[in-house]
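Q: Chain by chain, the residues run as shown.
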Amino acid sequence: NAGVMQNPRHLVRRRGQEARLRCSPMKGHSHVYWYRQLPEEGLKFMVYLQKENIIDESGMPKERFSAEFPKEGPSILRIQQVVRGDSAAYFCASSPVRGPYQETQYFGPGTRLLVL
Amino acid sequence: LAKTTQPISMDSYEGQEVNITCSHNNIATNDYITWYQQFPSQGPRFIIQGYKTKVTNEVASLFIPADRKSSTLSLPRVSLSDTAVYYCLVGENTGGFKTIFGAGTRLFVKA
Chain B
1 NAGVMQNPRH LVRRRGQEAR LRCSPMKGHS HVYWYRQLPE EGLKFMVYLQ
51 KENIIDESGM PKERFSAEFP KEGPSILRIQ QVVRGDSAAY FCASSPVRGP
101 YQETQYFGPG TRLLVL
Chain W
1001 LAKTTQPISM DSYEGQEVNI TCSHNNIATN DYITWYQQFP SQGPRFIIQG
1051 YKTKVTNEVA SLFIPADRKS STLSLPRVSL SDTAVYYCLV GENTGGFKTI
1101 FGAGTRLFVK A
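If you read the sequences in order, they're chains B and W. Note that the working numbering numbers the first sequence so that position 59 is 59, with each residue one more than the last. Take any residue in the second sequence, note its place counting from 1, add 1000, and you have its number in the working numbering.
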């Protein structure tokens, strides 16, 4: 069973361009989470999605950032008009259908975004 | 969401047992305690989860006192490859939840 896959692993953009980050959850997982991590800092929650629904986007900046998890295909985190402050590692995690215990999240390898 | 407090960093030597304590004074009745490990340039990896008393798996043990206001992750006989950041998380077991990662504890294992 393949783990969580993210692509690209590294992404370089110039200020003002758009960045699209993709996440394919583990097989059978219907919950996807996106996090951002700045150097030497912990992960910051951004958004929690289920298929075709945004459940919690309280960690997403109000502007320029959007996320989706369509019925078919990977989850996409989209950053429009990137700025240098968007440079960070973006991690995606997935978890299975909720069970009786707190969900364990399985993380992908991350996408490292560098804005020039 | 309960806030957690952990030491910023710890040093150890190979073969020693390492105990990392996390404080979570405002833990709620439905909250579980989960620990993750993160190596440089990788995503976090689940280590262990517990609700009360003691939990042990092939990687670590988790000790939780009766009041559940703290927990201790115990790594037996660490090796150089255990050098990583360790995160303590507290969250509900129902509903979708927003996982809050603190700064974590940077463990550095020396030869």
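These are calculated hints, taken from the structure and not from any lab test. Be careful, since some hints might not be right.
What the hints assert, rightly or not - To spell it out: a stretch of chain W is covered by chain B in this simulated footprint if at least three of its residues, at any positions, have a beta carbon under 8 Å from a beta carbon of chain B; those stretches are: (1) 1039-1047; (2) 1101-1110.
Unchecked claim - Pulled from the structure, derived: some chain W residues nowhere near chain B, Cβ distances all over 10 Å: (3) Thr1005; (4) Thr1034; (5) Val1078.
C-beta: ideal position from N, C-alpha, C; glycine also.
Q: Could you run down the list of hints and mark each one as holding or not?
A: Results for each hint:
| no. | hint | verdict |
| --- | --- | --- |
| 1 | 1039-1047 | holds (count 6) |
| 2 | 1101-1110 | holds (count 4) |
| 3 | Thr1005 | holds, 13 Å |
| 4 | Thr1034 | violated, 6 Å |
| 5 | Val1078 | holds, 21 Å |
In the structure shown, a violation is registered for the earlier hint numbered 4 alone.
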